[in-house]
Amino acid sequence: MQQRIKTFKTLSRAASAAAFLSVQALICIGTVYWAVAETLGLSPMSALVLGGIFAVPTIFVLITAIRMAFDAETDPANQ
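Start counting the sequence shown at 314; every next residue gets the next number (the working numbering).
These are computed hints drawn from the structure, not numbers from a lab. Don't take each hint at face value.
Unchecked claim - Here are the in silico distance ranges between beta carbons for each label pair:
1. Gln316 <-> Thr352: 49 to 55 Å
2. Gln315 <-> Leu353: 32 to 38 Å
3. Glu351 <-> Lys322: 32 to 38 Å
4. Asp388 <-> Ile340: 37 to 43 Å
What the hints assert, rightly or not - Straight line, CA to CA, 20 Å or less: simulated SDA-like cross-link-like pairs of lysine to any residue:
5. Lys322 <-> Ala332
6. Lys322 <-> Ala338
7. Lys319 <-> Pro389
8. Lys322 <-> Ala385
9. Lys322 <-> Gln392
10. Lys322 <-> Pro389
11. Lys322 <-> Asp388
12. Lys319 <-> Ala382
13. Lys322 <-> Ile379
14. Lys322 <-> Gly364
15. Lys319 <-> Asp388
Here a beta-carbon is modelled for each residue, glycine too, at the ideal position from N, C-alpha and C.
Could you build the full structure based on these sequences and the hints that come with them?
This is the structure in structure tokens:
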């Protein structure tokens, strides 16, 4: 296994890619949350509970996006 390249350039690219992917994921998940909450006509407390339910997969998606960006940008084969 080759050593990952961890320079300022690769880490800043990884951070940029992770930020881009995270924003895109948050927009998509937020839109689905909004659509479900409005379609069901949830009260404010029910909407908070639904938001809590959506938080778990959202965190998983964000962690996965960050890992993928780091792996892709620091892989020696991509340099």
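The hints, checked one at a time:
For Gln316 and Thr352, the Cβ-Cβ distance of about 50 Å falls inside the hinted range of 49 to 55 Å, so the restraint holds. A C-beta distance of roughly 50 Å is found between Gln315 and Leu353, which places it outside the suggested range of 32 to 38 Å. Between Glu351 and Lys322 the Cβ separation comes to about 44 Å, which falls outside the hinted range of 32 to 38 Å. At about 27 Å, the beta-carbon gap between Asp388 and Ile340 misses the expected band of 37 to 43 Å.
Between Lys322 and Ala332 the CA atoms are separated by roughly 15 Å; this keeps the pair inside 20 Å, and the hint holds. In summary, the hint linking Lys322 to Ala338 is not supported, as the alpha carbons are separated by about 24 Å, beyond the 20 Å threshold. For the given pair, Lys319 sits about 10 Å from Pro389 by alpha-carbon distance, which is consistent with the 20 Å threshold. Among the hinted pairs, Lys322 with Ala385 is consistent with the structure: their alpha-carbon atoms are about 13 Å apart, no more than 20 Å.
A C-alpha spacing of about 11 Å is found between Lys322 and Gln392, which places the hinted pair at or below 20 Å, so the restraint holds. Proposed proximity of Lys322 and Pro389 is supported: the alpha carbons are some 13 Å apart, at most 20 Å. Taken as a hint, the Lys322 and Asp388 pair is honoured in the structure, with Cα atoms around 13 Å apart against an allowance of 20 Å. For the given pair, Lys319 sits about 13 Å from Ala382 by alpha-carbon distance, which is consistent with the 20 Å threshold.
Using a Cα cut-off of 20 Å, the hinted pair Lys322 and Ile379 holds, with the two alpha carbons roughly 16 Å apart. Proposed proximity of Lys322 and Gly364 is contradicted: the alpha carbons are some 36 Å apart, above 20 Å. For the proposed pair Lys319 and Asp388, the alpha carbon gap of about 9 Å is at most 20 Å, so the pair holds.
The structure is inconsistent with the numbered hints 2, 3, 4, 6, 14, although it conforms to all the rest.
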